[in-house]
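Asker: Using the sequences and the hints, build the whole thing.
If you read the sequences in order, they're chains A and B.
In case it helps, my numbering puts the first sequence at residues 1 to 239.
In case it helps, my numbering puts the second sequence at residues 1 to 239.
If you're looking for bench data, these hints aren't it; they were derived computationally from the structure.
Misleading hints may appear alongside valid ones.
Copies of the same chain are indistinguishable here, so a pair counts whether it falls within one copy or spans any two.
[As the list claims (entries may be wrong)] In silico DMTMM-like cross-links for lysine to aspartate or glutamate, where the CA-CA straight-line distance does not exceed 20 Å:
(1) 126 to 237
(2) 143 to 165
(3) 143 to 89
(4) 126 to 48
(5) 126 to 4
(6) 143 to 53
(7) 126 to 204
(8) 143 to 48
(9) 143 to 179
Each chain, written out:
2 protein chains.
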Amino acid sequence: MAYELFYWPTIQGRGEFVRLALEEAGADYVDVARGPGGMQIMLALLADPALTEPPFAPPFLRSNGLIVAQTANILDYLGTRHQLAPREESLRRWTLQLQLTVTDLLVEVHDTHHPIAASLYYEDQKPEAARRSADFVRNRLPKFLEYFERVLQTNPAGPHHLVGDQLSYVDLSLFQVLEGTRYAFPRALEQLAGSCPRLTALRDAVAARPRIAAYLASPRRLPFNQQGLFRRYPELDPA
Amino acid sequence: MAYELFYWPTIQGRGEFVRLALEEAGADYVDVARGPGGMQIMLALLADPALTEPPFAPPFLRSNGLIVAQTANILDYLGTRHQLAPREESLRRWTLQLQLTVTDLLVEVHDTHHPIAASLYYEDQKPEAARRSADFVRNRLPKFLEYFERVLQTNPAGPHHLVGDQLSYVDLSLFQVLEGTRYAFPRALEQLAGSCPRLTALRDAVAARPRIAAYLASPRRLPFNQQGLFRRYPELDPA
Chain A
1 MAYELFYWPT
11 IQGRGEFVRL
21 ALEEAGADYV
31 DVARGPGGMQ
41 IMLALLADPA
51 LTEPPFAPPF
61 LRSNGLIVAQ
71 TANILDYLGT
81 RHQLAPREES
91 LRRWTLQLQL
101 TVTDLLVEVH
111 DTHHPIAASL
121 YYEDQKPEAA
131 RRSADFVRNR
141 LPKFLEYFER
151 VLQTNPAGPH
161 HLVGDQLSYV
171 DLSLFQVLEG
181 TRYAFPRALE
191 QLAGSCPRLT
201 ALRDAVAARP
211 RIAAYLASPR
221 RLPFNQQGLF
231 RRYPELDPA
Chain B
1 MAYELFYWPT
11 IQGRGEFVRL
21 ALEEAGADYV
31 DVARGPGGMQ
41 IMLALLADPA
51 LTEPPFAPPF
61 LRSNGLIVAQ
71 TANILDYLGT
81 RHQLAPREES
91 LRRWTLQLQL
101 TVTDLLVEVH
111 DTHHPIAASL
121 YYEDQKPEAA
131 RRSADFVRNR
141 LPKFLEYFER
151 VLQTNPAGPH
161 HLVGDQLSYV
171 DLSLFQVLEG
181 TRYAFPRALE
191 QLAGSCPRLT
201 ALRDAVAARP
211 RIAAYLASPR
221 RLPFNQQGLF
231 RRYPELDPA
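Answerer: Put into structure tokens, the structure is as follows:
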């Protein structure tokens, strides 16, 4: 039975991290909210009082009656089922730990354009967004990228993957982080890329994987846009 | 061998969620950074280039040479070892999912007083903090508390625990969330408490557990203060 992925239909957002894993696994899945009536199905499910394990928010995955939510939790679930995480327990946990650090980064990326409230428009919080983005670009983005570069560098199995010597879901997630950062903060990333050669190589290697390349070229891959997690406001990425 | 917990020594912060689990488990542990020279030990470990699985930030736990970081990941690790999480795989994952929603809430709590940058003082971002807190109190805190109340209400094993019919680490975490919210946003919580009777009962039940009660009365329990995650700025919690 196909996986059912539930996520906002017009953005990459956090759902994209799950989509990349499903695509790399060659898994059979339906992106429910992008189908006919899909948004209504998703919202009805979120509000269903009969649900004993309700998700707090999308993305969530339904698989044989089981509902799994929280991006990192979904990836850990998929990772063990599709050889996208190490089998060995302590390495599986290390992979999850890295993914949770990606989660932390994504919250900060979102808050660069919405530092006051997700319920307000960007236009209602532009000065605050400019201040927050300046700190993000100066302090936080370098700290995260240097951290992941360090993890690649010290991986005992070599610098080609974050964990062990095989692809895991967190490699796919780092690809997405770099793609999103290149969209939202191209100038900042250009400044930082020189000190992150292993991350850049990882991004290129992921993009060249046959299933990922096919996905990226397909209509299933939504473009980055101004409603997603990564947004391009040139004023937040000054020269 | 005792667990070694590494966390900032003067605040409850995210480390407190781990402390509560270790205390309830009756586990032997050392709160390293609170001991002599502990901060230096922690900072040296974070920067150690020989570390192949470096944490991004505290808290982290060392156990028999293994280092585990990210609060929810640490709790999942401890939960399976100390009967603080269900044995059954899908329930263990549901517990982790709930804890990751607690993680999301904690980021938002932090950002009520630091919406612009953690590297700046509160005093440097007071107007922004007031705007962000107003949205938090009006929209976000109710959404999170109503969600956890709903989870208690729909738990097939009854409303006394979030998962199944036994205490898990996420019950301890919700206790801490409510205690912290009562410290930081007493007026807002008073308004909301009436619609969260099961959460209130859970907080009381956790506080009355013998090991938790002994811990809370001990010098090991740091008081809430103005450096932690939950801070009391009366202007952020208006009548």
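Asker: Now, for every hint given, state plainly whether the structure supports it.
Answerer: Now the hints, each set against the structure:
1. 126 to 237: within (13 Å within a copy, 24 Å between copies)
2. 143 to 165: neither (25 Å within a copy, 42 Å between copies)
3. 143 to 89: neither (28 Å within a copy, 35 Å between copies)
4. 126 to 48: Neither, since 37 Å and 40 Å both go past 20 Å.
5. 126 to 4: neither (37 Å within a copy, 44 Å between copies)
6. 143 to 53: This pair counts as between: shortest inter-copy Cα distance 16 Å, intra-copy 36 Å.
7. 126 to 204: Close neither inside one copy (34 Å) nor across copies (43 Å); limit 20 Å.
8. 143 to 48: between (41 Å within a copy, 16 Å between copies)
9. 143 to 179: The answer is within: 17 Å in one copy meets 20 Å, while 32 Å across copies does not.
In summary, the structure is inconsistent with hints 2, 3, 4, 5 and 7 from the numbered list given earlier, while agreeing with the others.
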